[in-house]
Amino acid sequence: MPTTPKGLPYPASTAPPNVPADLQALAQDLDFTKVQVLTPAQVNAASLLSAYPLGLSLVRLLGADASAGGWPGATSSMVFTIKPHADRGTQFVFRNAQTLVNSYYRQLITDPGPHSAWVSASAPFGSYVGSATLDASTNPTAGVLITFPAGRFTLTPRVVLGSGNSAWAPSSSAVSTTGVTILARQIIANSTNPLISVYAVQATDQSITG
Amino acid sequence: MWATCHTAGCGNEDISLDVQTTYIDENGEEQQVGSVMCGVCGNPITDLSPEPPSP
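The listed protein sequences correspond, in order, to chains A and B. Taking our numbering, the leading residue of the first sequence gets 87, the next gets one more, and so forth. Taking our numbering, the leading residue of the second sequence gets 58, the next gets one more, and so forth.
Chain A extracted, bound-state conformation (with noise of 0.2 Å):
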């Protein structure tokens, strides 16, 4: 395939021969030799797709941008859109206040909107709701129900373990609203009952909280 000389340091695109010419020309468009610095106005605008450039773009919104263009939390932020298509988009947000980092996504679906939710990108894997030693003289132990706290969830979790003892492995089962049941498996000859933490996270196609 033809290549185009970049700028240093990042080396020229080497797609294989059987991409597709107009792959290779957006390979070429995403080279962050080409990343197009935007204003707050053309990142604000209501035709979000038909003024953006093919590739990949960025721009910096003050507080005061931000509030204006209805994005995720009216805090300055970073703006990576890829628009690899002229009809479709994804865009990044990275707020950046003094206690608040995180981050966001979206996909850019029609022009004018609407445009897909924002998605938490850094969203926790998940707080802490409890924890339970486990009875090691069995192999696997028994489970163990730990329930949770009183109303935090109002759909069911997802659940991640952490194990104090590496000589065990825990496991969860029936999760529900109320309570997770935990158990562990001996994968190393280990007889020290092992202690289990549970972190849980909820999550919807628009939030996840902790």
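Source of the hints: derived by calculation from the structure; they are not laboratory data. Note that the structure is predicted; figures quoted are calculated from it, not measured. Note that CB positions come from ideal geometry on N, CA and C, so glycine has one too. There could be a bad hint or two in this list.
[Claimed, not checked] Cβ-to-Cβ under 8 Å is the rule here; a few derived chain B residues that face chain A:
id	residue
1	Ile-72
2	Leu-74
3	Val-76
4	Ile-81
5	Glu-83
6	Asn-84
7	Gly-91
8	Val-97
Add chain B to chain A, keeping to what the hints say.
Positioned in the frame of chain A, the structure of chain B alone reads:
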């Protein structure tokens, strides 16, 4: 099954939760949990009732 923690000062004190006290083990068989622990205070819950609390 309704589980109620009665530990004084616990965030779940005297709150009855509708919990599932059975689970499926690695062999696909249903098992009864060995114990129930309050995730808030960490104490065992012994008040287990098949009936919901009276209003």
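We went through each hint and held it up to the structure:
1. Ile-72: This hint holds: Ile-72 of chain B lies near chain A, its Cβ roughly 4 Å from the closest one there, short of 8 Å.
2. Leu-74: It holds, given that the least Cβ distance between Leu-74 of chain B and chain A is near 4 Å, below 8 Å.
3. Val-76: At 5 Å from the nearest chain A Cβ, Val-76 of chain B passes the 8 Å test, so the hint holds.
4. Ile-81: holds (6 Å)
5. Glu-83: holds (7 Å)
6. Asn-84: violated (10 Å)
7. Gly-91: holds (3 Å)
8. Val-97: holds (5 Å)
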